[in-house]
Amino acid sequence: MLMWFPTISSSANDGEKGEKLLRERATRNKRLILTFLLSIGAIAVTLTAASVSSVDTFPRLRYRQGAGFHEPGLEARRVQADSLPPDSIYNLEVEDNQGHLVSLRQYAGNITLVVNTACKCGKTTVTFEQLIVLQAKYGKSGFSVLAFPSNDYHQELETNDEIDHFLKTTFPDINFPVFASSSLKLNPVFKALQKQLPEDQIEHNFFKYLVDREGMAIDLYPKQQNPLSLESAIEELLEEI
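0 is the number of the first residue of the sequence shown in numbering that gives the first Met the number 0; add one for each residue after it.
In short, the hints are calculated from the structure, not lab data. Since this is a predicted model, take the numbers as computed values, not measurements. Yeah, the Cβ is synthetic: ideal placement off N, Cα and C, and Gly gets one too. Don't take each hint at face value.
Think about it this way: if two alpha-carbon atoms lie no more than 30 Å apart in a straight line, the pair counts; the simulated BS3-like pairs of lysine-lysine are [stated by the list, open to error]:
no., residue 1, residue 2
1, 139, 122
2, 119, 222
3, 190, 139
4, 139, 222
The calculated label-pair distances, taken between Cβ atoms and stated as ranges, are [what the hints assert, rightly or not]:
no., residue 1, residue 2, range
5, 182, 139, 32 to 42 Å
6, 223, 100, 28 to 38 Å
7, 153, 128, 14 to 24 Å
Work out the full structure: start from the sequences and follow the hints.
Given below as structure tokens:
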């Protein structure tokens, strides 16, 4: 006895397969879209949190990479050059390393660190490297290192040109002024600072006078005290109104 069974045409099979492929493709697309939307949401949350955390609710000193040490309203309290005390070092003129007279009045209103330097001292490398860091960090807030080479302790090069070449070669990132070499006993800046702090005496290279906005000495630090240890003192002066 012969029995007949209906057969499914190949076109019907193809249609079912096509529909299945379309459903699978639609499911994958939905998953991809959902994943993309979740990623966008996570990025938005991260950016919002970062922006909120970066907002300062109080006017205070703050350090940002690439921006230096900054305080709102700093310009408003600059000391005017015509109101400086008579014995302020900012009233003085000194020679730069090219022999030109330079007025220090341009530093009125700034905190400065006045340093007697030497190129052949055991503290040369660490001190210059840390002075460069201080200048980079606080320079935009009204701070400046002022370097004065001296051969008083027989560890400085002979000429200003030699000093200039050595510093530019050894410390290519140097970012503060280096003035003409001189004896500290004849240098008007150090004579004035020593009168302001007569109880403190320079005993070797790399002694550091911390000077306020009016050009008056606050303290004298010995060469054994590295520049980066003065950060809190510098910040305290920068905060003062």
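Quick rundown of the hints versus the structure:
With a C-alpha separation of about 26 Å, the suggested pairing of residue 139 with residue 122 holds against the 30 Å cut-off. Distance check on the hinted pair: residue 119 and residue 222 sit about 14 Å apart at the alpha-carbon level, within 30 Å; holds. Taken as a hint, the residue 190 and residue 139 pair is honoured in the structure, with Cα atoms around 28 Å apart against an allowance of 30 Å. Straight-line distance between C-alpha atoms of residue 139 and residue 222 comes to about 26 Å, which keeps the hinted pair within the 30 Å bound.
As the Cβ distance of residue 182 to residue 139 is approximately 33 Å, the hint placing it in 32 to 42 Å holds. Here the CB-CB span from residue 223 to residue 100 is close to 34 Å, well matched to the stated 28 to 38 Å. Taken as a hint, the range 14 to 24 Å holds for the pair residue 153 and residue 128, whose Cβ atoms sit roughly 23 Å apart.
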